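Protein chains in written order, with this note's numbering: chain A, 162 to 373; chain B, 162 to 373.
FYI, nobody ran anything at the bench for these hints, they're computed from the structure. Bear in mind the structure is a predicted one, so any value in this text is a computation, not a measurement. Warning: the hint list may mix true and false statements.
Repeated chains share a single entry, so a pair holds when one copy, or any two copies, can fit it.
Unchecked claim - Calculated pairs, SDA-like style, for lysine to any residue (alpha carbon to alpha carbon, straight line, at most 25 Å):
id	residue 1	residue 2
1	Lys176	Asp343
2	Lys186	Val344
3	Lys176	Arg227
4	Lys309	Ala173
5	Lys232	Cys282
6	Lys183	Asn214
7	Lys348	Val174
8	Lys232	Ala357
9	Lys184	Pro269
10	Lys176	Tyr325
11	Lys176	Leu295
12	Lys304	Asp240
13	Lys308	Val174
2 protein chains.
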Amino acid sequence: MSGNNVVWHDQAVAKDERSELKKQKPCLIWFTGLSGAGKSTVANALDRWLHDNGYHTYLLDGDNVRHGLNKDLGFSDEDRVENIRRVGEVSGLFVDAGIITLSAFISPFRSERRMVRDMFCPGEFIEVFVNTPLDVCEDRDPKGLYKKARTGEIKNFTGISSDYENPEKPEIVVDTATTSVDVCVDKIVQYLCSNAVIPAYSLKEDNTAQVS
Amino acid sequence: MSGNNVVWHDQAVAKDERSELKKQKPCLIWFTGLSGAGKSTVANALDRWLHDNGYHTYLLDGDNVRHGLNKDLGFSDEDRVENIRRVGEVSGLFVDAGIITLSAFISPFRSERRMVRDMFCPGEFIEVFVNTPLDVCEDRDPKGLYKKARTGEIKNFTGISSDYENPEKPEIVVDTATTSVDVCVDKIVQYLCSNAVIPAYSLKEDNTAQVS
């Protein structure tokens with residue numbers, strides 16, 4: 162069977178029907194930033210907030226996907242790009258399923274983030290730059306990776322021996338060095354409200370949402 | 162960064178919480194059978210029925226996945242196994258998200274179906290063998306592929322020049338040559354009810370569900 166014989170099947174249940182059932186506008190919230198910046202922490206906290214408020218979500222995590230779908234990939238430049246490509250495609254399936262999808266990956270290169278953005282309709286891809294300074298990330302070093310990168314035990318480590326290209330026009334910027342996780346979540350929730358992903362909430366000081 | 166430095170992150174929102182929000186027991190309904198057997202047709206009809214009855218579903222289709230996630234794969238034995246492996250892993254993510262997931266792939270080999278089954282907890286993987294006879298499939302030939310396989314234009318075509326290994330213990334067997342699509346759907350819905358994937362329904366003759 163050759164590649165020429167692949168035919169696109171229309172799906173009987175359409176994307177907007179799946180979204181309507183969930184009473185939400187699906188999107189991909191893409192967290193990018195250095196190792197230790199707090200991507201997974203903020204993404205998990207946002208996921209918790211959305212879930213507790215009745216939204217249908219799923220979180221794709223760089224490390225977790227590496228154990229399953231992408232366990233055949235290493236850390237060469239080529240494999241890192243393929244890692245992000247597959248995560249983008251899978252995120253596309255989740256968004257097609259009507260899910261508010263969160264992804265937390267270093268994704269250091271503009272070209273790969275652009276590749277993923279281009280897989281989505283305008284407004285569906287929401288880039289969150291977790292802009293925690295390198296010295297703070299290195300000081301945290303939750304997995305001891307920066308130490309190994311400094312001694313050369315780990316090669317091509319983002320921020321040390323490999324570039325991180327700052328997003329030029331991210332939809333949202335947060336910094337876990339100067340603001341609490343709750344405040345970061347609050348900022349993203351307000352963006353989602355402003356862009357009609359979820360209805361408007363009035364956020365109380367304790368970050369408990371109330372429908373306005 | 163080497164493969165040794167991958168750490169599993171616990172996800173803040175657990176699988177059972179995602180399922181509870183959707184009021185369903187997530188599972189993977191895996192359709193297998195020859196090209197033209199009716200896998201996509203029955204899967205789409207089941208998807209429609211489940212969606213219309215308020216269930217949160219998603220359908221992964223062999224042809225559709227080939228255009229995105231697996232567009233880098235060809236049709237060699239190795240690539241076909243990798244195709245199914247990735248679909249299994251992605252299905253695992255959807256089930257983890259609390260979704261009733263449907264997959265329609267020829268998946269001709271017992272070993273690859275076993276590989277996917279082994280990714281899931283007992284009871285989560287439901288194999289539906291669409292056991293439409295080869296002569297009926299070839300007679301339908303909706304994409305003209307059997308004709309090309311007979312002339313040798315397509316190599317390694319399942320059922321003609323490559324084996325299809327019948328499932329030994331599928332959870333459900335349907336045959337679209339002798340039964341209507343509605344009756345096939347009905348049979349699967351009854352299995353889902355019997356196995357508490359969805360609540361018990363009493364099915365009227367027109368296949369409209371009523372809660373019993």
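Checked hints:
1. Only between protomers do Lys176 and Asp343 lie at most 25 Å apart by alpha-carbon distance; the minimum there is 23 Å, versus 32 Å within a single protomer.
2. When the C-alpha separation of Lys186 and Val344 is checked against a cutoff of 25 Å, the pair qualifies only within one copy, where the shortest distance is 23 Å, while the shortest distance between copies is 34 Å.
3. With identical chains, the CA atoms of Lys176 and Arg227 are at most 25 Å apart between copies only, with a shortest distance of 19 Å across copies and 28 Å within one.
4. In this homomeric assembly, Lys309 and Ala173 never come within 25 Å of each other (Cα to Cα): the closest approach is 51 Å inside a single copy and 28 Å across copies.
5. Taking identical chains as interchangeable, the C-alpha atoms of Lys232 and Cys282 lie at most 25 Å apart only when they sit on different chains, with a minimum of 20 Å there against 29 Å within one chain.
6. In this homomeric assembly, Lys183 and Asn214 come within 25 Å of each other (Cα to Cα) both inside a single copy, at 12 Å, and across copies, at 13 Å.
7. Taking the shortest alpha-carbon separations for Lys348 and Val174, only the inter-copy value of 20 Å comes in at or below 25 Å, while the best intra-copy value is 34 Å.
8. For a Cα distance limit of 25 Å, the shortest separation of Lys232 from Ala357 qualifies neither inside one copy, at 36 Å, nor across copies, at 33 Å.
9. With identical chains, the CA atoms of Lys184 and Pro269 are never at most 25 Å apart, being 33 Å at best within one copy and 38 Å at best between copies.
10. In the homo-oligomer, the alpha carbons of Lys176 and Tyr325 never lie at most 25 Å apart, since the shortest distance is 35 Å inside one protomer and 33 Å across protomers.
11. Within a single copy, Lys176 and Leu295 get their C-alpha atoms no closer than 40 Å, and across copies no closer than 33 Å, so neither meets the 25 Å cut-off.
12. Only within a single protomer do Lys304 and Asp240 lie at most 25 Å apart by alpha-carbon distance; the minimum there is 22 Å, versus 35 Å between protomers.
13. When the C-alpha separation of Lys308 and Val174 is checked against a cutoff of 25 Å, the pair qualifies neither within a copy, at 50 Å, nor between copies, at 31 Å.
Figure legend: structure checked against the earlier numbered hints; hints not met, in rising order: 4, 8, 9, 10, 11 and 13.
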